[in-house]
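Colleague: Listed in order, the protein sequences are those of chains A and B. Taking the working numbering, the leading residue of the first sequence gets 1, the next gets one more, and so forth. Taking the working numbering, the leading residue of the second sequence gets 1, the next gets one more, and so forth.
Treat the hints as calculated values from the structure; they're not laboratory data. Here the structure is a predicted model, which means the values were calculated and not measured. Ideal Cβ positions, reconstructed from N, Cα and C, are used throughout, including at glycine. Be a bit skeptical, because a hint or two may be false.
[Said to hold, decoys possible] Simulated restraints, written as ranges between beta carbons of each label pair: (1) B:P21 - A:E189: 21 to 31 Å; (2) A:Y76 - B:V132: 34 to 44 Å; (3) B:P246 - A:D24: 47 to 57 Å.
2 protein chains.
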Amino acid sequence: METTSRGIEILPVRGVPEIRPGDDLADIIVRAAGNGLRAGDILVVTHKIVSKAEGRLVDLRGVEPSALAKRFAAEYDKDARQIEVVLRESRRIVRMGRGVIISETHHGFVCANAGVDASNVPGAESVCLLPVDPDASARRLRERIAQLTDLDLPVIVSDSFGRAWRFGITDVAVGVSGMEPLADYRGGEDPHGNPLEASVLAVADEITAAAELVMGKTDGVPVAIVRGYGYRQDDRGSGRDLLMPPERDMFR
Amino acid sequence: METTSRGIEILPVRGVPEIRPGDDLADIIVRAAGNGLRAGDILVVTHKIVSKAEGRLVDLRGVEPSALAKRFAAEYDKDARQIEVVLRESRRIVRMGRGVIISETHHGFVCANAGVDASNVPGAESVCLLPVDPDASARRLRERIAQLTDLDLPVIVSDSFGRAWRFGITDVAVGVSGMEPLADYRGGEDPHGNPLEASVLAVADEITAAAELVMGKTDGVPVAIVRGYGYRQDDRGSGRDLLMPPERDMFR
Numbered sequence: 001m002e003t004t005s006r007g008i009e010i011l012p013v014r015g016v017p018e019i020r021p022g023d024d025l026a027d028i029i030v031r032a033a034g035n036g037l038r039a040g041d042i043l044v045v046t047h048k049i050v051s052k053a054e055g056r057l058v059d060l061r062g063v064e065p066s067a068l069a070k071r072f073a074a075e076y077d078k079d080a081r082q083i084e085v086v087l088r089e090s091r092r093i094v095r096m097g098r099g100v101i102i103s104e105t106h107h108g109f110v111c112a113n114a115g116v117d118a119s120n121v122p123g124a125e126s127v128c129l130l131p132v133d134p135d136a137s138a139r140r141l142r143e144r145i146a147q148l149t150d151l152d153l154p155v156i157v158s159d160s161f162g163r164a165w166r167f168g169i170t171d172v173a174v175g176v177s178g179m180e181p182l183a184d185y186r187g188g189e190d191p192h193g194n195p196l197e198a199s200v201l202a203v204a205d206e207i208t209a210a211a212e213l214v215m216g217k218t219d220g221v222p223v224a225i226v227r228g229y230g231y232r233q234d235d236r237g238s239g240r241d242l243l244m245p246p247e248r249d250m251f252r
Numbered sequence: 001m002e003t004t005s006r007g008i009e010i011l012p013v014r015g016v017p018e019i020r021p022g023d024d025l026a027d028i029i030v031r032a033a034g035n036g037l038r039a040g041d042i043l044v045v046t047h048k049i050v051s052k053a054e055g056r057l058v059d060l061r062g063v064e065p066s067a068l069a070k071r072f073a074a075e076y077d078k079d080a081r082q083i084e085v086v087l088r089e090s091r092r093i094v095r096m097g098r099g100v101i102i103s104e105t106h107h108g109f110v111c112a113n114a115g116v117d118a119s120n121v122p123g124a125e126s127v128c129l130l131p132v133d134p135d136a137s138a139r140r141l142r143e144r145i146a147q148l149t150d151l152d153l154p155v156i157v158s159d160s161f162g163r164a165w166r167f168g169i170t171d172v173a174v175g176v177s178g179m180e181p182l183a184d185y186r187g188g189e190d191p192h193g194n195p196l197e198a199s200v201l202a203v204a205d206e207i208t209a210a211a212e213l214v215m216g217k218t219d220g221v222p223v224a225i226v227r228g229y230g231y232r233q234d235d236r237g238s239g240r241d242l243l244m245p246p247e248r249d250m251f252r
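The following block holds chain A by itself, in its conformation from the complex (with noise of 0.2 Å):
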């Protein structure tokens, strides 16, 4: 059959350390990877182990929490400090009950505790936020490789985020460099010669969630190549693009 041909693999890339703040994410990402890199290969690779090369972390011991954050995390039974982390994160709540917040954090993204987790992260008082700006790390990494390489792959920062109305959570980019993160087919026709309305894919997201099929959440693989996915090379792809646009959304 044909199937042989034109398919994607997705490789999970092992061996990755523990990384701490001030890491060569890059150096450590291109050694795990051996010689196996290739032109064409796409980087997924999780926020986590960014955020905690960046230093993204934050000691629970020095946060002195809210009025608010007191109230819901005493609710709730949660830790007071680390909601008030959640608040900080978040420029705006979109939703508050149940021990959950739903908020936009800074970067735009809507998303549970605005993106902070205490999951993999060593030492019970610390937590993981947000890399700063993800585009801006998927850039750092993808020109370091480029460096360490000679190979332009892009590379997309990957955050695991739950759904409105759907069960269980998948991996989202949070931040793209190199690809054009949506695929956009208004304006085509479908092999009838019907117009293709409501056509624009996040084919970002389709290959996040992709890679995330071989990383699990326990099994210590935060890097995977996506290989023989024709993505269209652009510059100024951004994790931004995959925003609904506020004016759009109808669920703001």
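Model the placement of chain B on the given structure of chain A, informed by the hints.
Modeller: Below, chain B without anything else, positioned relative to chain A:
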């Protein structure tokens, strides 16, 4: 590097012809895949060809639009008959404006236009509906493929849904048979010994998103094989498992 081991392949199944009501879709898929199917493969099939095989097409020439459909269509320059079909496929309107209807379908999916779609349907006067029971459709395909090949392969029926707050659509699983669509890490620990809290992954949606990457909107590839993912076999796994239970839904 170790990336060559235990990766996942996403393979397009080409050569599926235009599907007509009553076609033996499983037989067509097996033929298109040649001898290419293997134990452990997951088949992702777009709902469009499932709906066509099941005759879930509506000829708009026989649809009498309601007053509500007429008003909405006039305001946004839409086909009132198609709006009428959307209303009939809905059990609850979530948002209605800007020419878009977001509704809950009779199955419980919240999506644009109740899954009613005019693209990739032959004839300007026809629209395609979601299958009546996408889980049952997936199960029938799985059972018939097992008859034909002696392989019991999970089958996912997919559709493209928009998301709140994010731009661009992604493919999700609307019907599932033969696998656990969620990977539940709750109660587990990360490698640092911290509890994993919000960690139920919608792996069936991630698999479906991955499959879309080899399908595209205009390539005429309505089936993909996902190979190498260690799914959990589950005869009761269902697309309904991917719906947020109403009592936990913060966005109803």
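Colleague: For every hint, state whether the structure bears it out.
Modeller: Hints, verified against the model:
Between P21 (chain B) and E189 (chain A), the C-beta spacing of about 23 Å keeps the proposed range 21 to 31 Å intact. The hinted range of 34 to 44 Å is satisfied by Y76 (chain A) and V132 (chain B), whose Cβ atoms lie roughly 40 Å apart. Restraint check, P246 (chain B) to D24 (chain A): a C-beta distance of roughly 48 Å satisfies the suggested window 47 to 57 Å.
Checked against the numbered hints above, the structure violates none of them.
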